[in-house]
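Student: For this one, chain A is given, so just place chain B on it according to the hints.
Chain order of the listed sequences is A and B.
Going by our numbering, the first residue of the first sequence is number 1, and it counts up by one from there.
Going by our numbering, the first residue of the second sequence is number 1001, and it counts up by one from there.
These are calculated hints, taken from the structure and not from any lab test.
Predicted model, so just to flag it, every value in this text is computed and none were measured.
Some hints could be false.
[As the list claims (entries may be wrong)] With a cut-off of at most 27 Å between alpha-carbon atoms, the simulated DSS-like pairs for lysine-lysine come out as follows:
{"id": "1", "chain 1": "B", "residue 1": "Lys1298", "chain 2": "A", "residue 2": "Lys189"}
{"id": "2", "chain 1": "B", "residue 1": "Lys1163", "chain 2": "B", "residue 2": "Lys1298"}
{"id": "3", "chain 1": "B", "residue 1": "Lys1163", "chain 2": "A", "residue 2": "Lys346"}
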Amino acid sequence: MEALFQAAPYTGWVYPNETVIPWSVMIVIYPYITGLVAGAFTVSSLYHVFGMQRFKPVARFALLTALCFMFFVPVPLLLHLGHPERALNAVLTPHWTSAMAAFGYFAGFYIILLLLEVWFMYRPYFVQQAQQQSGLVGKLCRVLSLGSYDLSDKAMSYDHKWMFALAVAGIPGAHGLHGYVGFIFGSLKSREWWSSDLMPVVFLFSAIISGVALLIVLYVLSCRLRKTPVDLACLKGLAYVLWGFMMFTLLLEGLEFANIVYKGREGIDIIIQYVTGPLIVPYFYLQFALGAVTPIIVISYMIWRGTTGKALIVGVTVSAMLVLFSVLMMRWNVVIGGQEIAKTGKGLVSYHMLMLGREELLAAAAVVAAPLILLLVMVRLLPPWIQNSTLSSSPVSAR
Amino acid sequence: MTQDIKPSLVARDGGGGDIVPQETKPSQAARRAFLRKLAGAATYTGAAAVGVGTLGAMQNAAAKNETATNAPPPIPNYDWTKHRWAFGVDATKCIGCLRCVEACKRENNVPGDAHHFRTWVERYVYLEGEERPHIDSHHDPVNMAASGSEKEYRFANRYKDAKVEKAFFVPKLCNHCTHPACVQCCPTGATYKTEDGVVLIDHKYCIGCQYCVQACPYGARFFNYEKQVSDKCTWCYHRITKGLQPACVEVCPVGARVFGDLKDKQSPISLFIRNNRVSVIRPESGNAPNVYYVGIDKEVG
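Bound conformation, chain A alone:
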């Protein structure tokens, strides 16, 4: 049976109530997943809004990835809530002074936007399948086509207008949703580790890199599974995007840390003690050295040497995996780290994750794996790879 509560070991002086850590690994997973959504959407926008042709091979896939992950964004929150059955209270009677109150609306708006964009993108496919297929798939496509089989140029151009508008609206939508997650932490004045104006921006940029990295890994993996060659121009483009945003992320994170240390407000002693003690491995070695600096060096080297072929694929994919790991560590170091530094400013608490339980390791791994499984099913139902003329995906600017 699951323990009723888990007391956290501590050193120094901590308030009695601080010996139970409020936010578990689920609150680490939540911004991680939202971030992947924002990042994947960014890649899709690079093609659908900005018309960057080299991202065409992954544009549709990026949107499906964003959708699959978005479906699971509320799951870690529901697993965390003491009363998940009351979750809708926050939507029915939102208390607007709370940074959390608008989450339901933001998430709801964004998921509808994603669904609409995916629908417009696959409408020609639905129409085609509705006419060709019989049985369950045909029936489903007939329902999804909403009874209109009009694929004339006029209709398609109308569709494109909508898709473009949705893709444009999705940029502030996706990024707003994630910047907002950063605000939930950054706006709390009770924790020095969180209370930073840069927090929403740091969250946003790390979100973008995590999403781009996820797409790189999934794209390369999918090419292997489909036994098709990787589009190197596309992969290199993604590596450029990753590299650029990583520079920003690293700079912002450095600035944030420098601010905390330089200002040296009350409680700085314990922060320094924490950062140079329990946090040295997860923060400096794993998040920065391994997860951020290494991929930057690897990608820089490959750009400089003009690496191509298999070496490029391996290098970029490994870098992307490191970035995915780095961003997960960043979420961990922010969410768990902030709570391990006691509010007293005179002690440290330590969080321990168990294997089994509603808010423990296995459940967290399942929440991260679930969108990937859904994506696996989704790409079978809605193939994003077919270079079929009936698939409506060209950006407006490219027309």
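Tutor: Just chain B, lined up with the frame of chain A:
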């Protein structure tokens, strides 16, 4: 939410072209141009309205604007507009007997363990030759071992062989702040400020997100695992609204805890504040706490 939201009137073009189908081409073109301008103007008006609305929303969301809930409690013979409760602690009097902590646990059905407290007492001990104090509370494993029971609390005599320069106890509890960060961040409004100055939690409405637990700079809130909701001191609201004292005040054998009505100039708390130079803990938080202390020192936070 007490604020009225007035939807801004935005001009719309109304699709006039469909209503009058047959017109000459030049006039149609002129009309379209006009409608386009109108739509543009409407967009700008809309954007401005959104901007002003956002500004208003930000002002309302600011911590300083916490308003009391407008539904008074259904308590007979109690008018919450006639009281403003406050709490005082005279740390020079506290002897660390912890009767207050045990009384609170029983009175309020607080989980009986060393990790959940609505009120607690801290011990500050300066040893000779040391600059920083040793701080502990009854939840400390050494003190819990001295008690021998998860439901009873005492301070172990751990400094009996040390040369103590200065030592004192500080009782702590929810500060029922005037600008409570916990109320500000509650996404559902389950926690709220009453008209008589108390911060309460509706345990039947709380979703258990624990954002408020994070937001409280004093560590006064905890997650009640039995009820799966946030929990904290209520100044024994069920007692004070019937004319009784909070349980911790009632049992304190030395009068270190003082409670009363600021609207009554002769109440114990009014006299306490008037006759002493009082301070509050962490005023820099901007929360404007309402527990007034006498006899604490710079290390108390």
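Student: Compare the structure with each hint and give your call.
Tutor: A quick look at each hint next to the structure:
{"no.": "1", "hint": "Lys1298(B) to Lys189(A)", "in the structure": "holds, 21 Å"}
{"no.": "2", "hint": "Lys1163(B) to Lys1298(B)", "in the structure": "holds, 21 Å"}
{"no.": "3", "hint": "Lys1163(B) to Lys346(A)", "in the structure": "holds, 23 Å"}
Against the hints set out earlier in the document, no violation occurs for any number.
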